[in-house]
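Protein chains: 2
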Amino acid sequence: MKQLEHPCQEALTLTAVLAALSDSVRLDIVRELAECGERGSSAFDCDIANSTLSHHLKVLRLAGVIQHRKEGTRCFVSLRPCMERAFPGLLASVLRFHPADVRAEAEAPTA
Amino acid sequence: MKQLEHPCQEALTLTAVLAALSDSVRLDIVRELAECGERGSSAFDCDIANSTLSHHLKVLRLAGVIQHRKEGTRCFVSLRPCMERAFPGLLASVLRFHPADVRAEAEAPTA
DNA sequence: ATCTATGTTCGACGAACATCGAATGAAAGA
DNA sequence: TCTTTCATTCGATGTTCGTCGAACATAGAT
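Respectively, the protein sequence lines represent chains V and A. No gaps in the numbering here: position 61 of the first sequence is 61 in the numbering used here, and each next residue is one more. Counting from 1 along the second sequence, just add 1000 to a position and that's the residue number in the numbering used here.
The hints are simulated quantities; they were obtained by calculation from the structure and are not laboratory data. We put the CB at the ideal spot given by N, CA and C, even for glycine. All the pointers check out, no bait thrown in.
Facing chain V, from chain A, some residues (calculated, C-beta under 7 Å): (1) A1019; (2) L1021; (3) G1089.
Estimated spans, in silico, between C-beta atoms of each pair: (4) L1095(A) to N50(V): 30 to 40 Å; (5) E32(V) to H1098(A): 25 to 35 Å; (6) T52(V) to R1031(A): 29 to 39 Å; (7) E71(V) to P1081(A): 47 to 57 Å; (8) A1034(A) to Q9(V): 22 to 32 Å; (9) E5(V) to H1098(A): 24 to 34 Å; (10) S24(V) to R1031(A): 21 to 31 Å.
All chains, full assembly: derive it from the sequences and hints.
See below:
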């Protein structure tokens, strides 16, 4: 069973992590993983092509944010503990804030 | 004296802030501002063209991270307090970590 | 009024990115 | 073995980004 490559902890860079988190699709993915733990990679409800999702997961993986675990033909992703060691508290500091659209919905009058 | 435009606090988005911080030149600028306070915009010692520096400052300004203050022909930039209100603690959480090259220098043997 | 110093904007360029569909790969099941 | 299923990779396309030099704008000095 071929596993995907993960960079070692020393190779993680702050700018790469921030770049990985600066996309709304990827930020949603990370948020979901932080709240619900490991998920099958097909369990994300974003309206994008499968190949695009795979690309975003790769970006997050190469930045050190998530890890892939293959099991048969399926693939599970979760937050990478290594990330917390390299940049302790960073992820929590980012996920504390909700994305712009959610804030807008919460603040805007319903009408 | 024409001042430059700054977005209002409600318009700031998390992804835009992260994207603004995901460039090493801009991260260095923010780090310097956080440590030394307001600076003249020509006082940054990055080896880039003036127009490129201006571009980076614009990205940071539009993301809400910094503010511009013009005084005569000169221009001073500083961290924007509004940023701390919109995303309290975020900047500190990011700046706590040093950029990759600095870490590499600190960890790698000199030989 | 003209010059000078300081910054911003414009136009252009290559590099990197987000996206998609198609092709490929890998593993389980018939 | 053949098929099916799931995910990654490839190739293509349009967009965005970082960078530069040149042109412009503004304010002070001569």
